[in-house]
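*Asks:* Take 1 as the starting number for the sequence shown in the numbering used here and just add one per residue.
Worth flagging that the hints you see were computed from the coordinates, not collected in a lab.
Note that this is a predicted model, so its numbers are computed, not measured.
Heads up, a few of these hints could be off.
Stated by the list, open to error - Pairwise CB distance ranges (calculated):
| id | residue 1 | residue 2 | range |
| --- | --- | --- | --- |
| 1 | F12 | L54 | 24 to 34 Å |
| 2 | Y44 | P87 | 14 to 24 Å |
| 3 | K52 | W129 | 19 to 29 Å |
| 4 | W168 | I136 | 13 to 23 Å |
| 5 | G101 | L2 | 21 to 31 Å |
Beta carbons: idealized from backbone N, C-alpha and C, even for Gly.
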Amino acid sequence: MLENLDQQLFLFLNSHNSPFWDTVMTTISAIIVWFPLYIAILVYLGLRYKRKFLIILLFIIAAVTLSDQDALLIKNIVHRPRPCHEPALSGLVHLVNGRCGGMWGFVSSHAANSFNVALLSLLLIRKRWFSVSIVIWAAIVGYSRIYLGVHYPGDVICGAAVGTLAGWAMYSLYRLTDRHLLVKKKYFNQAKGR
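Using the sequences provided together with the hints, build the complete structure.
*Replies:* So this is what it looks like as structure tokens:
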């Protein structure tokens with residue numbers, strides 16, 4: 001039942017296309033396009049957190065790795081074909097530039113990684129305009145994968161959940177580490193002052 005609903009929703013969302021949107025969604029989905037955003041976020045975090053930035057950067061790297069590897073692991077366990085590889089949908093999928101990707105699509109790594117970056121950065125930056133913008137960006141990246149014919153909506157939603165959980169886990173570990181280091185620093189400063 002859920003799989004059938006997912007396919008029907010996919011076909012509805014994937015069928016609304018045009019040459020203009022083919023170009024836009026291909027561009028949005030290209031990871032290389034994300035780098036200026038990532039660099040801007042890292043520069044902002046570096047300026048804001050100064051000495052803590054290197055520790056934050058380690059947790060960001062760990063979060064991205066965790067998110068990406070979790071998505072890959074789930075794909076290799078579940079083995080759900082991408083819509084463009086699904087024989088039952090043959091001839092119904094709008095596939096842009098003939099690119100389908102690997103065989104398995106559940107969960108979307110693009111969605112996992114973009115929502116991971118969104119959650120981590122909004123927790124570290126905490127500006128309303130940024131939070132709204134970065135979540136919209138992550139949602140558009142997720143939608144682009146449906147538009148391009150390479151993921152079902154369920155792949156994107158579950159990928160977003162994987163990325164969000166990985167981001168939350170690493171942010172929680174960062175906060176725990178930060179508190180632990182603060183306690184040690186306070187204790188060290190008190191001992192030094194005696």
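*Asks:* Please name the hints from earlier in the document that this structure breaks, with their numbers sorted from lowest to highest.
*Replies:* 1, 2
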